[in-house]
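Engineer: Construct the entire structure; sequences and hints are all you get.
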Amino acid sequence: MDRREALKLTASLFGGVVIGSQSFLTACGSKTENSMVFSKEIISLLDEIGEVILPETEDSPGAKAAKIGDFIRTIVNDCYSEEEQKIFSEGLSTFKDLCQKQFDKSFMTMSGEEKFELLHQLDQEAKSRHSEENPHYFAMIKRLTIWGYFTSEPGMTKALRYNPIPGRYEGCVPYQVGEKAWAG
673 MDRREALKLT ASLFGGVVIG SQSFLTACGS KTENSMVFSK EIISLLDEIG EVILPETEDS
733 PGAKAAKIGD FIRTIVNDCY SEEEQKIFSE GLSTFKDLCQ KQFDKSFMTM SGEEKFELLH
793 QLDQEAKSRH SEENPHYFAM IKRLTIWGYF TSEPGMTKAL RYNPIPGRYE GCVPYQVGEK
853 AWAG
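So the sequence shown is residues 673 to 856, counted in my numbering.
Do not take every clue at face value.
Below, simulated EDC-like cross-link-like pairs (lysine to aspartate or glutamate); rule was C-alpha separation at most 20 Å, straight line [what the hints assert, rightly or not]:
1. Lys799 x Glu789
2. Lys814 x Glu851
3. Lys814 x Glu786
4. Lys814 x Asp795
5. Lys773 x Glu785
6. Lys814 x Glu720
7. Lys768 x Glu786
8. Lys777 x Glu720
For each label pair, taking beta carbons as the anchor points, the in silico distance ranges come out as [said to hold, decoys possible]:
9. Trp854 x Ser800: 28 to 36 Å
10. Glu754 x Arg801: 52 to 60 Å
11. Lys768 x Gly839: 20 to 28 Å
12. Glu755 x Gly839: 21 to 29 Å
13. Glu713 x Ala853: 31 to 39 Å
14. Lys773 x Ser711: 19 to 27 Å
15. Ser778 x Lys852: 20 to 28 Å
Think of the hints as simulated: they come from the structure by calculation, not from any bench.
Note that the coordinates shown come from a computational prediction; the quantities given were computed from them, not determined experimentally.
Glycine included, C-beta positions come from ideal geometry on N, C-alpha and C.
Structural biologist: See below:
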């Protein structure tokens with residue numbers, strides 16, 4: 673190999689490294705331009721909705737303890753498409769308007785019975801629209817609440833029977849009605 677060939681190879685190798693690293697670094701940028709903005713008020717609202725869906729009991733903490741609002745924010749911003757984010761955002765606006773229209777107050781100031789009544793109504797509406805192409809916003813909230821709760825530390829360790837160390841497989845385990853399901 674002569675000097676001229678070596679210089680060409682070195683230049684092309686160096687150029688490839690510089691150009692390659694530039695495109696690699698720009699590909700690692702955050703997705704903030706498509707992300708929804710979740711205020712503390714929205715996160716508190718999602719926590720409160722989650723608490724009605726999965727309330728605290730004497731045996732287990734509720735969805736608020738699992739910080740469901742933060743979980744929903746993360747999933748919506750990082751995993752939902754722009755179209756799904758739009759459905760979710762418009763759904764939250766519709767939800768707030770519905771609270772004002774039906775009860776003349778915000779969801780946060782409604783009584784427990786009123787909250788349950790409203791969410792039950794939305795659940796029935798979401799079930800009736802199940803076959804449509806775009807999901808109902810309440811179905812999205814409910815699905816994310818259940819997913820977030822049962823994958824959170826309070827959900828896995830308090831609501832489910834948690835065994836952090838995998839043991840041997842036992843195919844036939846006696847079950848008594850009312851026992852918690854296994855997690856972990």
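Engineer: For a quick check of understanding: which of the numbered hints are violated here, in increasing order?
Structural biologist: Going through the list in order, the structure violates hints 2, 10, 11, 12, 15 and respects the others.
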